[in-house]
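**Student:** Each chain, written out:
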Amino acid sequence: MRALVLLLALLLAACGPAEDDRTTLTIQRFFGACEAEYGAVTDIAAAQGECGIMTAIINRFEAENPDIRVVENIVFWPGYDQLTAQLASNDAPDLVTMHGSVISDYQARGLIEPMDADLAKIGIAPAGMTEAARAAITIDGRVWGLPIDTWAPLWHINMNLFRKAGLVRGGRPVLPSSPAELIAQAEQFEARTGKPYFVQGAANEYAGFTRNFYTFLMQQNGEPFADPRRADFTTPEAAEALRLFKDIYDRDLTTKNQDYSAAVAGFLKGDGGVFLVGTWMVGDFQAASEAEEGALSGGYAVVPYPQLYARDVTFADGHNWVMPADPDRTAAEHEAALRFLAFFSRHAFDWSRTGHLPVYKAMIDSPRWRALPHRDALAGLATSAAPLPKGVRRQFPIETIVGQESAAAISGAKPIPTALADMERRVNDILKNL
Amino acid sequence: MATALPQQVAPVATHPPRGRRAAGWANALFVLPYLAMFVAMIVVPLAMGMWLSTTKGDLFGVEAHVGLANFTRLFGDPIFLETVGNTFYFVVLTVPALTLIGLGLALVLNTPARWATVLRTIFFASTVLSVTVVTLVWRLVFLPDGGLLAVISEALGKTPIAFLNDPELAMPAIAITTIWWCIGLPMVLFLAALQQVPRELYEAAALDNAGRWTTLRRITLPAISRTFVLVVIIEIILQFQLFGQPQLMTLGGPNNATRPIVLFIYETGWRQWELGYAAAAAQVLFAMILVAAMAQYVVASRKGAQ
Amino acid sequence: MRSQNRVAIALVVIAGVLMLVPMLWVLALSLKSNAALMVDTNSVFDGVFTLENYAAILGDGQVFRWIGNSLIVSLGMTAGVLALSSLAGYGFARLEFPGRNILFVIVLLGLAVPEQAVIIARHQLFSWAGWHNTYPALIIPGLAAPFGVFLMTQYFRAIPKELDEAAMLDSASRFTVFWKVLLPLTIPAQATLGIFTFLSAWNDYWWPLISATNKQMFTLTVGIASTQMNFAQTEGLGFLMAQAVFAGAPILIVYLFFQKYIVQAVAGAAGR
Chain B
47 MRALVLLLAL
57 LLAACGPAED
67 DRTTLTIQRF
77 FGACEAEYGA
87 VTDIAAAQGE
97 CGIMTAIINR
107 FEAENPDIRV
117 VENIVFWPGY
127 DQLTAQLASN
137 DAPDLVTMHG
147 SVISDYQARG
157 LIEPMDADLA
167 KIGIAPAGMT
177 EAARAAITID
187 GRVWGLPIDT
197 WAPLWHINMN
207 LFRKAGLVRG
217 GRPVLPSSPA
227 ELIAQAEQFE
237 ARTGKPYFVQ
247 GAANEYAGFT
257 RNFYTFLMQQ
267 NGEPFADPRR
277 ADFTTPEAAE
287 ALRLFKDIYD
297 RDLTTKNQDY
307 SAAVAGFLKG
317 DGGVFLVGTW
327 MVGDFQAASE
337 AEEGALSGGY
347 AVVPYPQLYA
357 RDVTFADGHN
367 WVMPADPDRT
377 AAEHEAALRF
387 LAFFSRHAFD
397 WSRTGHLPVY
407 KAMIDSPRWR
417 ALPHRDALAG
427 LATSAAPLPK
437 GVRRQFPIET
447 IVGQESAAAI
457 SGAKPIPTAL
467 ADMERRVNDI
477 LKNL
Chain X
11 MATALPQQVA
21 PVATHPPRGR
31 RAAGWANALF
41 VLPYLAMFVA
51 MIVVPLAMGM
61 WLSTTKGDLF
71 GVEAHVGLAN
81 FTRLFGDPIF
91 LETVGNTFYF
101 VVLTVPALTL
111 IGLGLALVLN
121 TPARWATVLR
131 TIFFASTVLS
141 VTVVTLVWRL
151 VFLPDGGLLA
161 VISEALGKTP
171 IAFLNDPELA
181 MPAIAITTIW
191 WCIGLPMVLF
201 LAALQQVPRE
211 LYEAAALDNA
221 GRWTTLRRIT
231 LPAISRTFVL
241 VVIIEIILQF
251 QLFGQPQLMT
261 LGGPNNATRP
271 IVLFIYETGW
281 RQWELGYAAA
291 AAQVLFAMIL
301 VAAMAQYVVA
311 SRKGAQ
Chain A
318 MRSQNRVAIA
328 LVVIAGVLML
338 VPMLWVLALS
348 LKSNAALMVD
358 TNSVFDGVFT
368 LENYAAILGD
378 GQVFRWIGNS
388 LIVSLGMTAG
398 VLALSSLAGY
408 GFARLEFPGR
418 NILFVIVLLG
428 LAVPEQAVII
438 ARHQLFSWAG
448 WHNTYPALII
458 PGLAAPFGVF
468 LMTQYFRAIP
478 KELDEAAMLD
488 SASRFTVFWK
498 VLLPLTIPAQ
508 ATLGIFTFLS
518 AWNDYWWPLI
528 SATNKQMFTL
538 TVGIASTQMN
548 FAQTEGLGFL
558 MAQAVFAGAP
568 ILIVYLFFQK
578 YIVQAVAGAA
588 GR
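Line order of the protein sequences matches chains B, X and A.
When the count follows the working numbering, it moves up by one through the first sequence with no breaks and lands on 480 for the last residue.
When the count follows the working numbering, it moves up by one through the second sequence with no breaks and lands on 316 for the last residue.
When the count follows the working numbering, it moves up by one through the third sequence with no breaks and lands on 589 for the last residue.
Wrong hints could be hidden among the right ones.
[As the list claims (entries may be wrong)] Quick look at which bits of chain B chain X covers, simulated, 3 or more residues with Cβ under 8 Å:
| id | region |
| --- | --- |
| 1 | 151–158 |
| 2 | 187–194 |
| 3 | 298–306 |
| 4 | 433–445 |
| 5 | 449–456 |
The set of hints was computed from the structure by calculation and includes no laboratory data.
This structure is a prediction, so every number in the text was calculated from the model and none was measured.
Cβ atoms here follow ideal geometry from the backbone N, Cα and C, with glycine treated the same way.
I would like the entire structure built from these sequences, with the hints used as guidance.
**Tutor:** So, in structure tokens, the structure goes:
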């Protein structure tokens with residue numbers, strides 16, 4: 047009964063918003079909700095993790111800008127269905143988080159605002175950004191958003207197991223420089239530890255397959271999208287990228303049936319040597335390595351994908367702020383959005399503590415960032431991280447298809463040439479009907 | 011024209027008093043509020059969807075009229091045809107099971123005894139969970155790495171099976187999840203029907219010393235035959251629309267083995283922004299459900315007429 | 318015969334236990350700390366439990382707003398469906414009017430319309446009307462579901478015609494017959510329909526997701542979904558399960574209440 051009264055009281059309290067004449071800034075984002083833990087936190091430096099740091103930055107911004115009321119819409123990842131519905135019903139937020147890979151879809155339909163003049167106004171120069179960050183927001187010579195970060199898949203390494211496998215030299219992990227070396231080292235690892243070399247979230251989860259496939263295709267100088275309107279996957283390079291992972295799978299050098307969260311838990315438990323997952327896990331694993339107990343305790347390293355073929359490159363994407371087009375947005379709301387973007391870029395260092403690669407070259411070169419754990423090893427990503435060409439539209443559904451067909455080939459459900467032919471046909475079916 | 015004719019003829023045939031026709035129109039007032047909703051929320055959107063299926067465009071506007079091109083593309087699209095097969099397979103796996111298990115449960119649990127009340131509540135409880143939770147729980151059951159079934163099979167000294175990662179087993183696993191989740195509805199519908207069967211019929215049967223089996227066959231089943239048809243039709247309609255379970259458990263994989271039509275529609279419309287093509291697939295699904303449900307209805311009513 | 322009966326009951330009891338295992342597991346996980354679950358889900362069996370996940374849900378007052386929205390929408394839809402379906406069911410089952418049979422068939426055909434075939438057009442309709450992010454927008458689409466009309470028509474047809482004919486002889490109006498004589502007899506059907514309407518409204522996900530985009534208007538399912546799925550945050554399993562229990566509990570209570578009501582209604586009918 048008391049709970050019911052409490053509930054009613056809270057409902058009533060929530061129903062009576064106070065009148066205010068502040069400018070409303072609607073920020074829509076993913077990265078999860080953590081109001082319970084960070085709802086009142088304004089000390090950004092004390093926040094941890096994507097959700098915590100983002101929430102604290104927004105809280106701090108609101109505290110420092112009493113004339114702005116921030117409405118924070120947190121959406122189910124990745125939030126594009128909701129955004130699309132909102133844009134179709136002319137209910138656009140002022141700022142939205144968006145992956146670099148999908149910006150061109152919204153830009154091509156005139157759904158987001160160009161921001162060259164806006165960024166200039168708040169003193170942000172795209173020239174100071176990394177290649178990958180600048181590419182993410184640049185279409186036809188114009189800028190369409192403010193990059194938040196660049197992410198790339200990494201080799202997260204359990205150094206305790208690597209040591210046991212004899213794969214540590216001079217305190218650093220020994221990494222392969224060719225496919226043959228990779229297989230040799232992985233077999234040595236398995237022989238000495240009794241565990242698979244790789245941990246992968248590969249069950250009912252396709253993003254990892256796509257990242258691996260794109261990365262090792264690019265490393266062989268493969269260009270699947272030489273023509274952005276026609277994919278070309280039926281190449282020897284594409285077949286080699288799949289063959290490598292099929293070989294790893296057939297030789298039992300990887301965990302096979304873990305889904306994403308099982309793989310994360312598995313790596314923390316010491317199920318294998320190398321976890322193939324993105325920059326977003328650096329912080330969590332570092333924290334696990336600082337703990338007294340656990341498989342990673344005192345033994346965690348992280349490096350970019352090693353160069354196994356001709357070119358040192360890793361497939362990458364990134365998060366960005368974009369401003370949806372909205373004829374009803376007032377000058378004051380526009381100004382509030384810019385003030386937030388300026389505030390956010392002043393706190394870019396705080397965001398880089400998530401593990402994601404900073405947007406600004408100067409920050410990557412700064413001693414402050416280098417002093418964060420493992421950042422020296424990751425700095426190379428500033429030049430080696432490469433998104434797909436901007437002209438390629440519908441990258442989001444295409445990634446799913448590429449991942450599904452790669453998974454089918456690697457698990458042996460289909461021969462590699464069939465999977466690549468199916469992949470190419472399905473992707474081109476999308477691109478042909480743009 | 012054809013519909014106007016019987017109305018003019020009818021008064022002549024039945025000789026109703028003049029006031030009766032006015033009353034006839036007044037009677038329609040009972041169904042009018044619902045029909046208004048029906049037209050606004052189903053007929054109009056459906057008509058718009060049919061029109062969209064002849065166009066090319068996204069949520070932000072129609073680009074071109076393409077006639078039946080979307081439909082010809084659909085029937086040449088191997089992925090779509092695979093989703094049609096997957097959907098039928100899923101319906102075959104689930105609808106008979108849900109109907110028969112639901113009937114069995116209702117027959118056993120149709121008693122006011124306390125244990126039956128408890129069991130009824132248990133069998134219904136899963137229905138209240140949302141699809142997000144159901145799929146999460148069952149992923150944890152099927153997971154070969156620390157999942158419930160894996161723990162059991164390891165205890166029995168067997169290698170755990172990756173149900174959701176095996177093209178042969180993924181769909182049956184989704185079907186089991188669905189039966190667990192949805193069994194409450196058919197059970198309750200059958201229970202409600204059983205409670206409507208007049209007691210006198212059973213009393214008469216008892217006087218005739220009819221056996222349990224005979225009573226079931228001669229009295230109970232005929233009395234609830236209408237509900238039986240209802241349950242089958244409802245389940246056909248519901249299970250043809252399979253969506254959330256594969257979307258959240260398998261993403262349609264492995265190797266497309268669990269991608270149903272609605273997931274295809276969703277991916278095409280919302281992820282690939284091909285609204286016209288998605289609308290065409292939705293029309294095909296509508297037609298299939300209609301045929302399946304009607305066939306069931308016709309078969310049942312023909313049987314009933316005999 | 319007896320033994321047959323016992324075998325059937327035993328089978329059902331076993332099935333009941335199997336049904337229960339995953340649910341008990343949800344409950345157990347909801348009482349575990351997220352950190353312990355991240356390392357090993359088998360830690361469920363170590364006997365250490367906590368209420369921290371529930372505290373986390375309550376600590377964030379938003380969830381009450383979402384529950385309030387879900388209640389308003391589910392109750393509104395249930396009331397609307399019961400009213401519209403009862404009226405229409407009576408009309409189709411008992412009354413003569415031009416085009417009755419063809420209209421009923423058309424409504425039945427509506428049963429076969431999948432949500433995905435109409436949802437985009439519906440979204441556009443509500444956009445034109447400017448109704449998104451309102452309660453009516455969340456309630457109205459559910460009122461058109463043909464299932465209720467079908468069910469109520471079937472029930473009204475099953476009631477002996479002599480009942481209303483006797484009342485008509487007393488020169489009661491059509492509406493009085495419907496309201497006073499027939500409607501009370503349909504209570505079991507109302508309860509069944511009510512549960513399922515409430516249930517589908519409570520668990521509906523797609524329409525609220527794209528219609529209620531303002532956090533103040535989120536229903537519980539959308540609100541809970543918005544807090545999930547963050548790739549850097551896989552440790553929230555216990556929290557997620559607590560949310561599931563939290564979201565499922567109100568509806569289970571509703572069911573328990575209606576279930577008792579069904580039994581009473583039937584017992585009452587038998588006693589007469």
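**Student:** Against this structure, judge whether each hint is valid.
**Tutor:** Results of checking the hints against the structure:
As drawn, the region 151–158 of chain B meets chain X at 3 residues by the rule of a beta-carbon pair under 8 Å; at three or more, the given contact holds. For a cut-off of 8 Å, the count of residues in the region 187–194 of chain B with a CB near a CB of chain X stands at 0, and the three-residue condition is violated. Counting residues of the region 298–306 of chain B whose C-beta sits closer than 8 Å to any C-beta of chain X gives 5, which meets the bar of three, so the coverage hint holds. Counting residues of the region 433–445 of chain B whose beta carbon lies closer than 8 Å to any beta carbon of chain X gives 3, which reaches the threshold of three, so the coverage claim holds.
Three residues within the 8 Å Cβ limit are the bar, and the region 449–456 of chain B against chain X gives 3, so the coverage statement holds.
Checked against the numbered hints given earlier, this structure breaks only hint 2.
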